[in-house]
Amino acid sequence: VTRSIQGTTFLVAEAFEKVLSKVCKQEKRKITLEQLKKKLESDAEIGEKAEKFVLVFEKERIGAPLSENIKIISDIDVTAGYDIVSYESTASYEHDRFIEVKAVSHDMDFFWSRNEYEIAKLKGNSYYLYLVDIRVIGKNGYMPTIINNPAEVIMESSEWMVEPQSYHIRHINNVNR
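The numbers in the UniProt record's numbering rise by one with no breaks, and the one at position 148 of the sequence shown is 148.
Calculated from the structure, these hints are not laboratory results.
Take the hints with a grain of salt, since some may be wrong.
[Said to hold, decoys possible] With beta-carbon atoms standing in for the labels, derived distance ranges:
#1 Glu34 x Glu88: 42 to 50 Å
#2 Arg61 x Arg170: 41 to 49 Å
#3 Gln165 x Ser92: 17 to 25 Å
Ideal placement from N, C-alpha and C gives every residue a C-beta, glycine not left out.
Turn these sequences into a full structure, and let the hints steer you where they fit.
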């Protein structure tokens with residue numbers, strides 16, 4: 001630590017730079033409404049591409065005849081808390097693998113909704129997060145990062161940094177109106 005008129009300078013070991021950079025708030029850049037709309041549209045396209053990749057991946061993992069019943073359900077029920085219904089094994093008689101797909105990049109960060117988290121807690125070991133690195137999705141033999149029971153694995157791990165991004169705020173006196 002060095003102090004001067006310009007401020008305080010901290011020297012940080014290289015091993016901790018990545019973690020510290022995520023913790024320190026960066027100045028937000030301005031974005032127009034039109035830019036935001038384009039980004040949301042692009043994110044939706046990337047998410048759809050990742051879901052289609054996982055659908056094919058799962059169908060190949062399970063094989064026929066069960067593969068015909070593996071489905072993307074996010075287009076018909078966005079409140080389900082997962083994107084794809086699949087099977088744990090070829091011995092499964094009903095859908096018993098519930099997959100939330102997240103398109104990620106090199107830093108492996110993603111947003112996980114409260115609903116997705118709550119469903120993950122309910123489903124436990126039947127719930128999976130598939131993290132699809134969109135930069136290498138087309139490479140031969142690419143496999144997504146698969147996290148089983150992420151409500152437990154991520155939330156209780158020192159390998160993941162979880163930070164709130166929004167809050168639901170309600171005026172107490174107006175709850176019953």
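Hint numbers contradicted by this structure | The structure conflicts with hint 3 only, although it agrees with all the remaining ones.
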